[in-house]
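Student: Spelled out from the first residue to the last, the chains are:
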Amino acid sequence: MAEGELKYLIFLGCAIPYRVSAYEISARRVMEKLGVKLEEMPEFNCCGLPMDPISHKMMLLLAVRNLCMAEEKNMNIMALCPGCSGTLNKVNIVLKNDKKLREEINEYLKVDGLESKGTIEVKHLIQVLNDDVGIEKIRAAVKKPLRGLKVAEHNGCHVLRPKEYTGFDDPEDPKVLKALIEATGAECLDYMDEAQCCGAPTAGVNDKIPLQLSREKLMHIRDVDARVLITICPFCHMMFETNQMRIERMFNEKFGIPTLHYPQLLGLALGLSPQELALGELRVKPTEQLRQVGI
Amino acid sequence: MLEAKETGQKTVLKITDPRFKYEISKIPGAENIMLCFQCGTCTSDCPVARFSGAYHPRRIIRMTQLGLKERVLESETLWLCASCFTCTDRCPQDVKVADIIRVLKNLAVKEGHVPPVFKTLASSILDTGYAYRIPEMRIKKRGELGLPPLPKSNPQSLAKLTERIEFKKLLEVKGEQDG
Chain Z
7 MAEGELKYLI FLGCAIPYRV SAYEISARRV MEKLGVKLEE MPEFNCCGLP
57 MDPISHKMML LLAVRNLCMA EEKNMNIMAL CPGCSGTLNK VNIVLKNDKK
107 LREEINEYLK VDGLESKGTI EVKHLIQVLN DDVGIEKIRA AVKKPLRGLK
157 VAEHNGCHVL RPKEYTGFDD PEDPKVLKAL IEATGAECLD YMDEAQCCGA
207 PTAGVNDKIP LQLSREKLMH IRDVDARVLI TICPFCHMMF ETNQMRIERM
257 FNEKFGIPTL HYPQLLGLAL GLSPQELALG ELRVKPTEQL RQVGI
Chain X
23 MLEAKETGQK TVLKITDPRF KYEISKIPGA ENIMLCFQCG TCTSDCPVAR
73 FSGAYHPRRI IRMTQLGLKE RVLESETLWL CASCFTCTDR CPQDVKVADI
123 IRVLKNLAVK EGHVPPVFKT LASSILDTGY AYRIPEMRIK KRGELGLPPL
173 PKSNPQSLAK LTERIEFKKL LEVKGEQDG
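Quick mapping for you: the protein sequence lines, in order, are chains Z and X.
So the first sequence is numbered by the numbering used here: it starts at 7 and just counts up by one.
So the second sequence is numbered by the numbering used here: it starts at 23 and just counts up by one.
The reader is advised that the hints may include incorrect statements.
Derived BS3-like pairs: lysine-lysine, alpha-carbon spacing no greater than 27 Å straight-line [to be verified]:
#1 Z/Lys79 with X/Lys43
#2 Z/Lys116 with X/Lys162
#3 Z/Lys106 with X/Lys174
#4 Z/Lys39 with X/Lys48
#5 Z/Lys116 with X/Lys43
#6 X/Lys132 with Z/Lys79
#7 Z/Lys123 with X/Lys162
#8 Z/Lys105 with X/Lys36
#9 Z/Lys291 with Z/Lys184
#10 Z/Lys169 with X/Lys43
#11 X/Lys132 with X/Lys43
#12 Z/Lys106 with X/Lys162
#13 Z/Lys169 with Z/Lys105
#14 Z/Lys116 with X/Lys163
#15 Z/Lys181 with Z/Lys150
#16 X/Lys163 with Z/Lys291
#17 X/Lys190 with X/Lys174
#18 Z/Lys106 with X/Lys141
#19 X/Lys174 with X/Lys163
#20 X/Lys163 with Z/Lys102
#21 Z/Lys13 with X/Lys174
#22 Z/Lys79 with X/Lys191
#23 Z/Lys102 with Z/Lys150
#24 X/Lys182 with Z/Lys43
#25 X/Lys163 with Z/Lys106
#26 Z/Lys43 with X/Lys162
#27 X/Lys141 with Z/Lys123
#28 Z/Lys39 with Z/Lys291
#29 X/Lys43 with Z/Lys106
#30 Z/Lys214 with X/Lys163
#31 X/Lys191 with Z/Lys43
#32 X/Lys132 with Z/Lys13
#33 Z/Lys105 with X/Lys182
#34 Z/Lys102 with X/Lys191
#35 X/Lys182 with Z/Lys39
Keep in mind the hints are simulated off the structure, nothing from the lab.
All values reported here derive from a predicted model rather than from experimental measurement.
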């Protein structure tokens, strides 16, 4: 690897290739623009998170298989989904610190000729942007500052919690995504209960609570007059974007808050076109907001 | 099975397993169950509890401490936890509430309580390696969108691994399809 060259294995997870391609498209375009090299995982499977409630051991095995693939390539993982980055990072740290558990897991992996050595790291996209690329470099790369655009952010739980394993931002007062948003020239507004969950993880067992939670967040965002919402998680995006009109109908509300994946916002500021960033996939169109910033 | 019945003014709790808390505290993630002093920080900060009359993490922890094993493991509310980890991060006693709830869910599964959505996810993982059955069309369309091919998964290798932990048996997902 050349001096100063940033290079990662991109971990897509399952939800993004299943139905949130715009996040992947925009993230790849933006990273290319910033000179970050992305390589494909040689092989990957579910990160393990969805199986944790059923079998903690199954979760560990699914996660560790992915870690082994990256170890074989001797490259760090960058995940787009906080569920994936959170799970892989946590398992990676747990196994680095718990020799006995590592031996137990490696015993299982033998049937497959794999071994976990704990030689890599796992990061989420915003951690790579903030810690490795750096805010200064991003700011310098901005060609079309989004001045005058008022936005709100929603981090998503697993990028921040549990803090014992994440540690790169304060879950009670998260600042990293805000700083990344402000690097684009947009203004990032504070609002009530910013770090609260969108509700997506309960969607499989309850059809009301997740929508109530997302509605409440959209209300708080509307209250401060933010015109755009920014997410960094495919599941949060589905709750706020894909489901927004359903929430409006269900609760007889009007939000009309376009919800962009962070790399879509950053991409616009870097001078990429809405087409290149797959903005057409959004259901709540940001037409008026983009016109306001001259796009 | 009912563990509590109203007898006039008194509620009689049916303790089904007084050793439950000791059993639980030996499982990684639930070691601190005895440290809970019922302050209620978990419930008051729980996003799900704001909209659910039934889901209260504090209550789940107390019922576990009391040994109301059947009631805890049969409870559908156990599955409402969104695993946002707010309770874990804010607990003044470092009880790791979300991990304890995960441990309880794992035990509930062993007793045969598995919400259908998890059977669907598990069968997809076992068959395809991914949590969702990504349609062939979407995988093919990646090229048109300017995306590289989706990296392959390895269900055969996963099958070998999961066989050793008897995962399939746990769920009896064999042959089950998306609902």
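Student: Kindly indicate which numbered hints from before are broken by the structure, ordering the numbers from low to high.
Tutor: Structure breaks hints 1, 2, 3, 4, 5, 6, 7, 8, 12, 14, 18, 20, 22, 23, 24, 25, 27, 30, 31, 32, 34 and 35.
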